[in-house]
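Asks: Position 67 (the sequence shown) corresponds to 114 in the working numbering; numbering is contiguous.
Simulated restraints, written as ranges between beta carbons of each label pair:
1. Pro96 to Trp151: 13 to 23 Å
2. Val261 to Ser133: 10 to 20 Å
3. Gly221 to Gln166: 18 to 28 Å
4. Gly79 to Arg109: 43 to 53 Å
By construction, these hints were calculated from the structure, which means they are not laboratory data. From the three backbone atoms N, C-alpha and C, an ideal C-beta is built for every residue, glycine too.
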Amino acid sequence: MRKGAPAYLSNQMPRTFAPKPDYAVRFWKARGLRPPEVDPLELLARKVPETLGDLPPPVPGRVVCGDARTLNFQDLGGPFSWVITSPPYYGMRTYVPDQWLRYWLVGGPPAVAYKYDGQIGSGPAEAYITALQTVWKNVAKACRPGARLVVRFGGLPSRMIAEPAELLRTSFTGTPWRIKWLRAAGNPDCGRRQAKSFRIRYNSAVEEIDALAVLE
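Use the sequences and the hints to build the structure in full.
Replies: What follows is the structure in structure tokens.
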């Protein structure tokens with residue numbers, strides 16, 4: 048790797064997502080800055096061999112795209128003994144635009160979809176809980192009795208009308224899953240958050256939790 052050579056496809060900070068173009072351009076213009084020129088093909092030619100040079104052993108599996116509320120999981124096989132998931136955090140509405148650069152890299156559009164309908168984290172808390180209940184009931188149809196469901200869960204400080212643990216606990220009511228335990232999973236504040244890089248003042252991150260539920 049050449050010392051001082053660009054290592055990212057945008058003016059993003061390491062270990063975080065790429066700022067959306069409109070925001071990034073305003074940031075640079077307001078400060079009289081000029082972003083460095085980055086040749087994406089040259090950058091990829093340097094980084095891809097390094098990234099793919101030491102892959103873990105292959106394992107069987109496949110990727111299926113669908114809405115977990117309505118997808119027929121029984122078509123995928125099973126019955127399953129384990130389900131490991133991390134639902135959209137309540138209040139998080141920017142999953143699609145935050146990943147615009149990665150999406151473009153694998154064939155997505157070059158323009159950012161700033162508004163994206165259908166994200167369950169953008170509505171009221173009651174609708175969000177109902178959506179999660181629908182997912183838990185749906186996935187249970189493809190699982191064997193005693194199956195374990197592991198969930199990583201969190202939220203945004205700007206949308207916290209209830210603690211993440213309470214939201215998650217409520218979402219399991221009326222479903223065949225029974226919570227065995229909920230545990231603190233650490234706080235993103237101990238890491239390098241983008242909010243620290245781009246804002247003078249920022250809200251403290253909400254502590255994430257892990258949960259284990261068992262299918263009765």
